[in-house]
Amino acid sequence: MATDILMPALSPTMEEGKLSKWLKKEGDPVKSGDVLAEIETDKATMEVEAIDEGVLARILIEEGTEGVKVNTPIAVIVAEGEDVSAAASRGGAPKADAPAQPAPAPDMQAEGQAETPAPSAKTQDDKPKAPAAPATITSKAPAPVMEEFPEGTEMVTTTVREALRDAMAEEMRREEAVFVMGEEVAEYQGAYKITQGLLQEFGARRVVDTPITEHGFAGIGVGAAFTGLRPIVEFMTFNFAMQAIDHIINSAAKTLYMSGGQLGCPIVFRGPNGAAARVGAQHSHDYSAWYSNVPGLKVIAPYTASDAKGLLKAAIRDPNPIIFLENEILYGQSFPVPKLDDFVLPIGKARVHRTGKDVTIVSFSIGMTYALKAAQALAEEGIEAEVIDLRTLRPMDTDTVVESVKKTGRCVTVEEGFPQSGIGAEISARLMVDAFDYLDAPVLRVTGKDVPMPYAANLEKLALPNVGEVIEAVKAVCYR
Amino acid sequence: MDAAKDAGQAASDTSLPETGRPAQAEAQSPAEIHAPAPNSPQFTREEDLHAYHEMLLIRRFEEKAGQLYGMGLIGGFCHLYIGQEAVVIGMQMASVEGDQVITGYRDHGHMLACGMDPKGVMAELTGRRGGYSRGKGGSMHMFSREKQFFGGHGIVGAQVSLGTGLAFADAYKKNGKVSLTYMGDGAANQGQVYESFNMAQLWKLPVVYVIENNRYAMGTSVARASAQTDFSRRGISFGIPGEQVDGMDVRTVREAATRAIAHARSGEGPYILEMQTYRYRGHSMSDPAKYRTKDEVSKMREEHDPIEMVRKRLIEMHGVAEADLKATDAKVRETVNESAEFATHDPEPDPAELWTDILLEARA
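Chains as they are written, first to last, in the working numbering: chain A, 1 to 480; chain B, 1 to 364.
Hint data in this document are derived by calculation from the structure and do not stem from the laboratory. Misleading hints may appear alongside valid ones.
Unchecked claim - Ranges between beta-carbon positions, derived for each pair:
#1 A/ALA441 <-> B/GLU361: 37 to 43 Å
#2 A/PRO150 <-> B/GLU361: 23 to 29 Å
#3 B/THR220 <-> A/TYR455: 38 to 44 Å
To be verified - Far from chain A, by Cβ distances over 12 Å, these chain B residues were calculated:
#4 GLU97
#5 GLY115
#6 ALA217
#7 SER221
#8 SER226
#9 ALA227
#10 GLY239
#11 SER284
#12 ARG292
#13 GLU303
#14 ALA330
#15 GLU338
Even for Gly, the Cβ is constructed at its ideal location relative to N, Cα and C.
With the rest of the complex left out, here is chain A (with noise of 0.2 Å):
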């Protein structure tokens, strides 16, 4: 019997790769083990093994293909002795336009999906919800606001992965007290690829790989960093900063100030933050909340390339310790960056990505693709929203957002991580104090569920805020 061989997934975001080899061609025999070709994502080059036993009737897939689509059928083993040409007939789509017949991939890609409200978005804390549409996340951002840089400026279409390594390798380039340490930053290319080239380009004194110990080499950096030198540390993901957080928190954020202003720590903590797509409540956590919370911290999380590279850079030459929370849905997504010498952004300062009269939805980070997907279908209906990208949560560009609620009366916030004590549970709070009197309806916050990252996809679709309930707060300000 017949057997497709499907483009596989390397990782829990990957959505599409490049066939980039054949390393059998048809008519060959395989065996389980055997490799079978190499396919190559914007992360990593990896080989895919058969696991089956037969011959391989055909390549459904040419080598040389871009943007293979997760679980498109690539080729087609028959058993020993099987008819070759049943199976050719068999073989799903011919070979040209195979990217354009992606079977169901196992996470939220599903684009143009049904996104209907969820029935109880205003109220976010306690209850359980009745389930609520999928979350759609586009892989195409809309074009964003951008007058941070001289008009007719070159735009390069660049991934929020490239940003940010074209940041830190700027950086390097300019001052020697920058470096980078962390796990699995220098031989293995980083574990999500942030740090592709910097070894090459730096060597090992300045790209330095850590054993698994964040503990100790939070405090290392942040040692380091008190004699003037400027690391960078990277975290594989946030969730593993909680065992550095005394470090983070204790060591880097207070000193300052504990020291009566003699020993800054001038230190970037970077990383993912916040779900990626079906790692359990370990790997999921969203942090912005916790780290706004400190005096002594700057906290960034940037939506689009350019500000991930802005903001980097700037991160890098601040004085003071940073936590510059990455997501690594977006990491692959690809944004206009201004092509500029020395592109650095100001810290501290929200931008208004779509202009709206009627209602200000503030987001940040990933929360930025649930605000402008509502946003765009809100304005079908007659709806403009302004939506506000904070960039930094602390410090917190307040102003920005007054001066928007000021004209449009109406607030909704989203962010991905928990409701209790979040994000948009301080700007309801500023809101409620600095624009009082402008404000229509009350604020409502958007969030991720009040419980732990479920596993299973539909839990987790259900666990995450989505584009309805974007649009369902939106009309609910609005008393539409």
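Go by the hints and put chain B onto chain A.
Then chain B, alone, in the frame of chain A:
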């Protein structure tokens, strides 16, 4: 006493922990451990005079701090170094200018040994604006970039990773400096200590780990908290050499420190010194010390006091007149009284200081 072990022997000793060994060590009373070594290294007259002055300054300073605490002028926690003076002074006598020092919360002695101004230290204890941290750090959190003293850390064991980071920076900058990273016997059981040992040896960082074993982590004796009570062996699995040192004798401390610092500075990597010492006072000011007998304390004070031993040598071996030593005592008392005077009359920080030193301004 348990003589200093050969570094190489300790490093190559890969046998499993000898369970009988620590038990034996524990059976000894503190006074037995500090029985005079047959061939103690000798100090010149000047060296003994220097050690005497430095240790006496710490002793008198700490006594004064205890007094001010009792008067309610020092708040919060206050951990005194009395009894342990020979450790930090012997270490400092073996280090050179520019070497960094970092320690935990029992830090007043280290600051004075680094040459920090007693007035600034005492004023920090009283929470005044002339304190090293402008009154915002307190007893456990003082720093001096000028004297390369990096704190003063209140989280047990945190300074070990931080001190390893200082050494990382030294290696990165190739500046020839050594990080002297102190911890107590309690901190030596923290997980991050071993994470740091691993990386320090892996990367051959110039750090000397000084474990001040004063026999009690707060009120828990070493035997009740540590499966391996020979702290010099704590680096064996990483190949880090270690020695047990009589931490009550400033001469043996300096001798071991010289060896350890030379090892670290030469690029050979970290070195562990277990300083067998003793604190006379409680863990902090509020410690009634019910976990040990008065006899144990008084025996150590009478027979192994680090300052008395030097004083005796100065008179008996170096022919220093009692009157000269009394003059030194008077000078030290005056310095300490001045610091107390300053610390009790210096104003509290300006209320505006509440909002300063939280973040540094970004460079232009």
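Do the hints match the structure? See the list:
Take A/ALA441 and B/GLU361: their Cβ atoms lie about 39 Å apart, and the range 37 to 43 Å holds. Between A/PRO150 and B/GLU361 the C-beta distance comes to about 26 Å, which sits within the given range of 23 to 29 Å. Separated by about 42 Å at the C-beta atoms, B/THR220 and A/TYR455 satisfy the suggested range of 38 to 44 Å. Interface exclusion of B/GLU97 from chain A stands, the closest Cβ pair being 16 Å apart, more than 12 Å.
With a least beta-carbon separation of about 15 Å from chain A, B/GLY115 lies farther than 12 Å from that chain, consistent with its non-interface assignment. The Cβ of B/ALA217 sits about 18 Å from the closest Cβ of chain A, beyond the 12 Å cut-off, so the non-interface label holds. Distance check for B/SER221 against chain A: the nearest CB is about 26 Å away, which clears 12 Å, and the non-interface claim stands. Separation of B/SER226 from chain A is adequate, the least Cβ-Cβ distance of about 20 Å exceeding the 12 Å criterion.
Distance check on B/ALA227: its Cβ is at least 21 Å (rounded) from any Cβ of chain A, clearing the 12 Å threshold; non-interface status holds. No Cβ of chain A approaches the Cβ of B/GLY239 within 12 Å, the least distance being about 15 Å, so the stated non-interface status holds. No Cβ of chain A comes within 12 Å of the Cβ of B/SER284; the nearest lies about 18 Å off, and the non-interface call holds. Here B/ARG292 stays apart from chain A, with its beta-carbon at least about 30 Å from theirs, past the 12 Å limit.
The beta carbon of B/GLU303 sits about 39 Å from the closest Cβ of chain A, which is more than 12 Å, so the claim that it is off the interface holds. The Cβ of B/ALA330 lies farther than 12 Å from every Cβ of chain A, with a closest approach of about 32 Å, so its non-interface assignment holds. A cut-off of 12 Å between C-beta atoms confirms that B/GLU338 is not in contact with chain A; the least separation is 21 Å.
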